[in-house]
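A.B. asks: Listed here are the chains, written in short residue letters.
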Amino acid sequence: MRLTCPHCGERDLREFAARGSAVVLSRPSAGASAEEWADYLHIRDNPAGEARDLFYHTPCGLWIEVTRSTITHAVIAARPVREAKP
Amino acid sequence: MAELIARTPAHADLPQPVEIGRTRIAEVVLGPVTWIAPFDGQEKAVTAALRAAAGVAFPKPGQVTRKGSVRALSVGPGQALLIGATVTPDGAATTDQSAAWCALSLSGEDACAVLARLTPLDLRPSAFALHRTARTMVGHMTASLTRTSENTYEIIVFRSMAHTLVHDLTRAMRHVAVRAAL
Chain D
1 MRLTCPHCGE
11 RDLREFAARG
21 SAVVLSRPSA
31 GASAEEWADY
41 LHIRDNPAGE
51 ARDLFYHTPC
61 GLWIEVTRST
71 ITHAVIAARP
81 VREAKP
Chain S
1 MAELIARTPA
11 HADLPQPVEI
21 GRTRIAEVVL
31 GPVTWIAPFD
41 GQEKAVTAAL
51 RAAAGVAFPK
61 PGQVTRKGSV
71 RALSVGPGQA
81 LLIGATVTPD
91 GAATTDQSAA
101 WCALSLSGED
111 ACAVLARLTP
121 LDLRPSAFAL
131 HRTARTMVGH
141 MTASLTRTSE
151 NTYEIIVFRS
161 MAHTLVHDLT
171 RAMRHVAVRA
181 AL
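Residue numbers (UniProt numbering), protein chains in the order written: chain D, 1 to 86; chain S, 1 to 182.
Calculated directly from the structure, the hints in this document are not laboratory data.
Treat the hints with care, since some could be wrong.
To be clear about the criterion: a stretch of chain D counts as covered by chain S if any three or more of its residues have a C-beta under 8 Å from a C-beta of chain S, and this derived list gives those stretches [to be verified]: (1) 12–23; (2) 60–68.
Away from chain D, derived, C-beta distances all over 10 Å, residues of chain S [claimed, not checked]: (3) Thr86; (4) Ala93; (5) Ser149.
Label-pair ranges, simulated between beta-carbon atoms [stated by the list, open to error]: (6) D:Arg82 with S:Thr95: 18 to 26 Å; (7) S:Leu130 with D:Ser33: 53 to 61 Å; (8) D:Arg19 with S:Ala181: 40 to 48 Å; (9) S:Thr88 with D:Thr67: 37 to 45 Å; (10) S:Ser126 with D:Thr70: 26 to 34 Å; (11) S:Leu4 with D:Ala18: 35 to 43 Å; (12) S:Leu182 with D:Arg19: 37 to 45 Å; (13) S:Ala116 with D:Ala34: 33 to 41 Å; (14) D:Arg14 with S:Asp90: 50 to 58 Å; (15) S:Ser126 with D:Ile76: 21 to 29 Å; (16) S:Ser69 with D:Gly61: 23 to 31 Å; (17) D:Asp45 with S:Ala2: 55 to 63 Å.
Keep in mind the model is a prediction, meaning the values are calculated, not measured.
Don't be surprised by glycine CBs; every beta carbon is placed ideally from N, CA and C.
Here chain D stands alone, though its shape is the one from the complex (with noise of 0.2 Å):
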């Protein structure tokens, strides 16, 4: 697989380090309940289609959202973590 990191370009899954689902960017606000706070931890989403995954580029060390489909494998998008809105 090759991911777009936004700074460096393309470049081979070798240099990625995946974080997981982007949805941990979503924080709960800090009135939130105990289950809006277990299903934030622990509960998944597991979709067939289009997913949203963390990705941190190790040499540059930019952390990027990247947008993919589950069931072609394309990548369809890629942004600086610090341009995503929760």
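Keeping the supplied structure of chain D fixed, place chain S upon it in accordance with the hints.
C.D. replies: Below, chain S without anything else, positioned relative to chain D:
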């Protein structure tokens, strides 16, 4: 400034250049190195300050800006290493990183074949042209790789990785040489 660490980073592992097969590695003494990271919206001002003091612009991603023996190497989002001069422009976070990096130059006809064993980077001239630089992996290490001539690459890693870099490179050089001799 006093030079407190008198020995070069690769001194113990590479006291002199080594030639194996059709490749050669030699240590590059970087001299003063300053890490520069402009604050938000300050890149133009930093470029102006660098131009005035050292004749180089703040590099764009993958770019090396050069003037005489001074160069500025892009090393990450909004970050560059200024090598060969000391400038600490306003509007940027700066750190003196002289003696913190180990630089080796790998040259020769098989240099690309040697690197291909160690890095996932696309080294074809169309993808990695002369005087382009890239943050990538060399073996297990993160490194800055720069093409300094058609068959010469400069590899910069943390000083603490000097031993591993020399080991990985000489090993790959031996392997390429052995295959070429078959």
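A.B. asks: Going through the numbered hints above, which ones does this structure break? Give me the numbers in ascending order.
C.D. replies: 13 and 14
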